[in-house]
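Full structure from sequences and hints, please.
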Amino acid sequence: MAKKTKQRMRELVPLQKAPTGIAGLDEITGGGLPQGRTTIVCGGPGCGKTMLGIEFLVRGALEFNEPGVLMAFEETPQDIASNVASLGFDIEKLAAEKKLFLDYISVEPSEVAETGDYDLEGLFIRLQNAVETIGAKRVMFDTVEALFTGFANPGILRAEFRRLFRWLKDRGLTTVLTAERGEGTLTRQGLEEYVSDCVILLDHRIKDQISARRLRVVKYRGTKHGADEYPFLIDQRGMSVLPITALQLKHEVSNERISSGVADLDEMLEGKGYYRGSTILLSGTAGSGKTTLAASLVDATCRRGERCLYIDFEESPQQVARNMKSVGIDLGQWSDKGLLFHEAWRPTQFGIEMHLLRIYKLIEEVKPQVVVLDPITNLISSSSEKEVYSMLLRLIDSMKSTGITAAFVSLTGGSDSLEGTNIGISSLTDTWILLRDVELNGERNRCLYVLKSRGMAHSNQLREFVLTGDGIQLVPAYIGSGGVLTGSSRVAQEAKEKADALLRQQEAQANRLRIDRRRLALQAQLESLKVELADVEREAAETGLEEHQREAELKLDRERMAESRGSK
Amino acid sequence: MPSKSKAKKSPKSTIDLRLYVAGQTPKSLAAISNLKKICDDHSDAAYHIEVIDLVKNPALARDHQIVAIPTLVRSLPVPIRKIIGDLSDTDRVLVGLQIVGPGAC
Numbered sequence: 001m002a003k004k005t006k007q008r009m010r011e012l013v014p015l016q017k018a019p020t021g022i023a024g025l026d027e028i029t030g031g032g033l034p035q036g037r038t039t040i041v042c043g044g045p046g047c048g049k050t051m052l053g054i055e056f057l058v059r060g061a062l063e064f065n066e067p068g069v070l071m072a073f074e075e076t077p078q079d080i081a082s083n084v085a086s087l088g089f090d091i092e093k094l095a096a097e098k099k100l101f102l103d104y105i106s107v108e109p110s111e112v113a114e115t116g117d118y119d120l121e122g123l124f125i126r127l128q129n130a131v132e133t134i135g136a137k138r139v140m141f142d143t144v145e146a147l148f149t150g151f152a153n154p155g156i157l158r159a160e161f162r163r164l165f166r167w168l169k170d171r172g173l174t175t176v177l178t179a180e181r182g183e184g185t186l187t188r189q190g191l192e193e194y195v196s197d198c199v200i201l202l203d204h205r206i207k208d209q210i211s212a213r214r215l216r217v218v219k220y221r222g223t224k225h226g227a228d229e230y231p232f233l234i235d236q237r238g239m240s241v242l243p244i245t246a247l248q249l250k251h252e253v254s255n256e257r258i259s260s261g262v263a264d265l266d267e268m269l270e271g272k273g274y275y276r277g278s279t280i281l282l283s284g285t286a287g288s289g290k291t292t293l294a295a296s297l298v299d300a301t302c303r304r305g306e307r308c309l310y311i312d313f314e315e316s317p318q319q320v321a322r323n324m325k326s327v328g329i330d331l332g333q334w335s336d337k338g339l340l341f342h343e344a345w346r347p348t349q350f351g352i353e354m355h356l357l358r359i360y361k362l363i364e365e366v367k368p369q370v371v372v373l374d375p376i377t378n379l380i381s382s383s384s385e386k387e388v389y390s391m392l393l394r395l396i397d398s399m400k401s402t403g404i405t406a407a408f409v410s411l412t413g414g415s416d417s418l419e420g421t422n423i424g425i426s427s428l429t430d431t432w433i434l435l436r437d438v439e440l441n442g443e444r445n446r447c448l449y450v451l452k453s454r455g456m457a458h459s460n461q462l463r464e465f466v467l468t469g470d471g472i473q474l475v476p477a478y479i480g481s482g483g484v485l486t487g488s489s490r491v492a493q494e495a496k497e498k499a500d501a502l503l504r505q506q507e508a509q510a511n512r513l514r515i516d517r518r519r520l521a522l523q524a525q526l527e528s529l530k531v532e533l534a535d536v537e538r539e540a541a542e543t544g545l546e547e548h549q550r551e552a553e554l555k556l557d558r559e560r561m562a563e564s565r566g567s568k
Numbered sequence: 001m002p003s004k005s006k007a008k009k010s011p012k013s014t015i016d017l018r019l020y021v022a023g024q025t026p027k028s029l030a031a032i033s034n035l036k037k038i039c040d041d042h043s044d045a046a047y048h049i050e051v052i053d054l055v056k057n058p059a060l061a062r063d064h065q066i067v068a069i070p071t072l073v074r075s076l077p078v079p080i081r082k083i084i085g086d087l088s089d090t091d092r093v094l095v096g097l098q099i100v101g102p103g104a105c
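Residue numbers (my numbering), protein chains in the order written: chain A, 1 to 568; chain B, 1 to 105.
It should be emphasised that the hints constitute simulated quantities derived from the structure, not laboratory data.
One or more hints might be untrue.
[Claimed, not checked] Computed cross-link-like contacts, SDA-like style, restricted to lysine to any residue with a CA-CA straight-line distance of at most 20 Å: (1) Lys36/B / Ile363/A; (2) Lys37/B / Thr25/B; (3) Lys36/B / Gly116/A; (4) Lys36/B / Gln333/A; (5) Lys37/B / Leu87/A.
Structural data, given as structure tokens:
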């Protein structure tokens with residue numbers, strides 16, 4: 001009973017993992033390869049099996065203090081050392097420091113004759129010696145299947161393999177085993193039958209002459225793992241796997257606003273500009289000023305002292321800098337100050353995953369606040385629309401989660417519908433600014449409007465987009481019966497309005513004068529009437545006084561008369 | 001623990017043999033006794049036999065490129081020949097060591 005409980009307790013301990021240190025792989029596997037167990041890395045020739053294994057060993061020795069043993073069957077240590085030197089791994093130095101033990105096992109079938117029963121104890125002795133010499137925690141076999149060509153008796157080999165895996169497990173060695181992929185099976189010799197803890201499949205395919213590497217965790221016993229095919233690449237800093245599993249819509253959002261670099265455009269966006277961490281799409285037809293608008297954002301960003309990453313698929317940084325100078329935007333100064341990182345490469349240079357990974361790596365290195373991609377539409381030339389869409393989805397997701405403001409420039413072809421983006425990413429973006437040309441009266445003028453901008457009461461106006469020597473100006477366009485008036489039509493309209501206004505002003509002035517005159521006349525009239533009235537008043541007062549005197553005299557007379565009568 | 005076995009007749013040529021074993025396993029012991037028997041039966045050459053126990057000298061396995069146990073190596077005359085197994089198949093041992101030609105017996 002007690003034993004049973006103890007056993008159950010032991011089972012509850014979660015699987016321990018040995019981190020590989022390979023960018024992205026640990027995220028997919030939830031922490032690394034199963035510790036103390038064997039992982040098979042299988043795939044066709046040239047798909048990067050050995051690279052994965054060696055990086056696992058090297059990073060284990062360097063970063064996790066777990067020395068490793070490399071049992072090489074196919075290449076000599078010297079060959080391997082020079083192969084991985086390009087990744088910056090100095091395995092000879094590691095071997096000298098006793099962090100790595102290299103053993104090359106040569107199996108030459110032509111040299112060997114079999115005469116009766118044998119086993120592979122020699123291999124075990126070598127392995128044990130190697131493990132004990134450096135206190136290894138990790139082991140890699142590359143490619144153990146070579147033994148099948150060296151020895152004729154498959155029965156003995158299979159028994160010995162079983163013994164080997166048990167031996168490794170008993171000693172708690174985290175092992176990577178590379179194996180060639182077989183026809184219809186994961187490995188040519190069916191090694192996955194013996195080792196069933198973890199199987200990683202690598203794939204290298206060519207599509208439209210562009211190579212793409214992919215990694216899939218076929219099986220990982222006892223743990224949750226990403227089940228998709230993940231693109232990966234091998235470059236001068238080793239292997240990196242694209243870590244994004246799924247679009248998780250759980251980003252932190254910012255209420256902070258950042259300037260678009262164009263005062264008039266900020267005005268259209270509630271007077272404040274874009275939201276920080278939002279995704280901005282600048283789409284438009286050829287020559288409508290998309291890059292200039294993007295460069296304005298870059299300029300504003302660097303002016304605030306923030307870092308900006310500008311990835312160009314069309315023009316060289318020098319060319320963009322020169323062109324932007326003509327509209328008063330000096331990008332060169334920001335590059336010099338180390339605020340602007342202007343990278344340019346051709347979209348056809350590599351496959352879509354490579355683009356994404358390069359962008360990721362640049363973002364990681366530069367740590368920008370704003371990223372500009374110019375133009376995303378060119379990426380289609382290196383891949384299919386669906387893949388570009390999924391790449392941008394991942395990119396947007398990753399940038400949103402880190403609060404990076406992203407601006408994508410998208411070119412709308414002449415025949416495409418204006419409010420459609422080739423890659424259909426409009427729904428993924430927060431602010432969509434559309435630039436278009438308007439042809440009228442023998443002129444072609446640029447117009448701009450904010451098609452959408454999530455979370456703000458943006459302007460609904462169509463503005464004329466004027467490129468001046470001092471940057472971009474947005475002039476309200478006229479909308480009349482003839483349509484939108486831009487360019488010289490707008491100027492003519494403006495002149496007409498000005499003349500009309502002058503006329504109106506003059507009329508008003510004349511009216512005012514007339515009224516003033518009338519007022520003055522009336523006031524004069526009023527004055528003379530007042531004088532007349534005063535005369536009348538005085539007359540009236542004089543008349544009243546005379547009457548009063550007369551009455552008084554009469555009264556006096558009457559009293560005198562009464563006096564005279566009464567005395568009689 | 002090198003053990004030596006010399007031919008009685010005057011040697012026509014010297015054959016240097018090294019037998020790699022790993023401890024006193026049945027396979028190792030069988031190989032040692034089979035080798036001695038073959039050398040005694042075919043004593044028209046001078047044999048110099050060295051038995052190397054890799055359990056005692058594990059580093060030699062790497063230095064001498066030994067994978068299978070038991071392995072018999074003919075280091076002289078050149079070219080080097082390697083025979084693996086408990087040497088129970090006498091004919092194949094003889095062919096392998098080129099003591100006799102393939103059609104001789």
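Do the hints match the structure? See the list:
{"no.": "1", "hint": "Lys36/B / Ile363/A", "result": "violated (71 Å)"}
{"no.": "2", "hint": "Lys37/B / Thr25/B", "result": "holds (18 Å)"}
{"no.": "3", "hint": "Lys36/B / Gly116/A", "result": "holds (16 Å)"}
{"no.": "4", "hint": "Lys36/B / Gln333/A", "result": "violated (86 Å)"}
{"no.": "5", "hint": "Lys37/B / Leu87/A", "result": "violated (55 Å)"}
This entry does not satisfy hints 1, 4 and 5, going by the numbered hints stated previously.
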